[in-house]
Amino acid sequence: MTTVDVRLTRRQVRRGRRVLHLLAEHAPAVAVALCFLLPLTIGVLTAFMTQHQAGTGALWPSPWEFGNFRKVFSAMPFGRDLANTMLYAGLSTIGTVISSVPVAYALARMRWKGREAFFLVVLAAMMIPAQVTSLPLYVLYSHIGWVGTLKPLIVPGFFGDAFSIFLLRQFFLTIPDELTEAARIDGAGELRILWQVLIPMTRPAIAAVGLFSFLYAWNDFYNPLLYTGNSQSGQTLAVALTELAKNGHQNAYELQMAASLMFLLPILVLFFLAQKVFVEGITLTGIKG
Amino acid sequence: MATALAPVENTSGGAPTRPARGRGPSPSGARWWIVLAFVSPFVVGFSAFVLYPVVSTLYYSLTDFQAGSYRPVHFVGLRNYRLLFTQSDNFWVSVRNTLWMVAVMVPLRTAWAMLTAWVIIRVKRGRTVYRTLFFLPSMVPVVAAALSFIVLLNPVGPFNRILDLVGISGPGWFSDPAWSKPSLVLMALWASGNLMVIFSAAMLDVPRELYEAAELDGAGTLRKFVSVTLPAISPVIFFALLTGMIYTFQYFTEAFVASSSSNMTSSSSQLLGYPANSLLFYSTELYQQGFSYFKTGYASAMAWLLFLVIFAATVIFIRASRRFVHHAGGGR
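Listed in order, the protein sequences are those of chains A and B.
So in the numbering used here, the last spot in the first sequence is 289, and the numbers never skip.
So in the numbering used here, the last spot in the second sequence is 1332, and the numbers never skip.
It cannot be assumed that every hint is accurate.
Taking lysine-lysine pairs in the DSS-like style, the calculated list, with each CA pair at most 27 Å apart, reads [to be verified]:
| # | chain 1 | residue 1 | chain 2 | residue 2 |
| --- | --- | --- | --- | --- |
| 1 | B | K1181 | A | K246 |
| 2 | A | K276 | B | K1124 |
| 3 | B | K1295 | B | K1224 |
| 4 | A | K151 | B | K1295 |
| 5 | A | K246 | B | K1295 |
| 6 | A | K276 | A | K71 |
Don't read these hints as lab results, they were simulated from the structure.
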């Protein structure tokens, strides 16, 4: 009898030690996770509060107000602005990928005089602040009647993006020379090597570049603010959300949060579908950059 | 080249006299018109959307040009630059606020990302779950993040309510000039997940033998972090500080949204520094001058100055950090 008791307590001790171990392993991570989750949770919960409750420091909606999301559509032209955002993000992503891939290929796989200097120009273009280019571009766009349309946001994407070119070049350089040289010796032209050898092997990398440029456009605030800011037809959600906060809805925290949540949702879906691509892409920008 | 060709000759089954190259490509280089065709998007784009505007901004900065006005444009030399340094209070306020952010937000964000990465790599089971949770906030669009923080940190809002529960009376955050910049710092820490991912990847790349050797020498956790981890990840720290600095010199969206949307009073033109100009940063002041008051020449001078400062700071930073950054194997 007594021996059984002793064994039991020993097992308990062992289990207790394992719990302590688990706690030591996970407690810091859980604490940090709570810090990261708190603002997100409050934001989501506020979207379900009544106007009366939101912003009063309430931590839990009571009662749950599901109508906020419908109200967003009457408080702002959400559908129109969503269409604009999708047009900007979608078209500029397509443009960036198809125009940056050949440039990156020429930098990574073709041998020509001035290539190093050209690459330096790409790096320099990455460093130039938007503030330095936006004043003359604004003048230019207003001369040709583009201000107030989505054109200033979409068209430049079709002419190669320095950051995407840089990233793609780094990816292309990881593909062994032997593979492209073999195709070249078999008489394949540059376009065929790019299309049939390099692109199939770097599809995840190209996806990462596409995702980054989609995210950039979706989140972009500065360019839409400048070039579509005062227009009636072309407003992207990033700008429209702040307008909602200003146009007589200053205290309508629940509407702001509901609209923000609707703005965020496509990004979250994209993130969960392609988390691996994101994480790998970001890691690469950090290590090679 | 020789090593590159060797496996090719094996697969194509011989033909040792291969190096007879009739058609263009290979060592001599690609044909110029093919290269030009491939790089043409960037050549056009760079000329139209970078080179032309950069040169124009320099020219504007030497004139009294006002976009949208039909007044004749005069060449005024360095007057706009002189005005910046001598007659503009707002300019210096914006410079001070921006430097404050560079000095406080950038190191704190880097340290926080490093700490969270350190926390995450010590978890053995369930690491990807934590990584997702830590990373998630950095995916939230800046505008949505700023709006949520305004809600969270409003003076009678949820965060102060929580602080009340533990007996702390919280500040006014975005509506208090002393706390508005720290509020933005909190937001930056919250959204540092992308940096955390880079740091944790670098930490996982540190060879295990280094830690084992340190353990044999009797090093504790802290000692191992300082003597093994820190030197090994110093290139990433360098990267984080440099990109953080460049980003913060151009800090715009967070400041714009925080100061314009947390302002409860009617939307006047002076909303970009609210409260009490504590959130007036270099780029928001530039925007105000260039796109609200249309003082294009003056704003162009600000833009060029920003460009020069970022360039100089980058060069100085790279020079200064050479001593501290450890390069394994000396490569790259």
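We went through each hint and held it up to the structure:
no., hint, result
1, B/K1181 <-> A/K246, "21 Å, holds"
2, A/K276 <-> B/K1124, "19 Å, holds"
3, B/K1295 <-> B/K1224, "55 Å, violated"
4, A/K151 <-> B/K1295, "25 Å, holds"
5, A/K246 <-> B/K1295, "25 Å, holds"
6, A/K276 <-> A/K71, "36 Å, violated"
Hint compliance for this structure: hints 3 and 6 are not met, and every other hint is.
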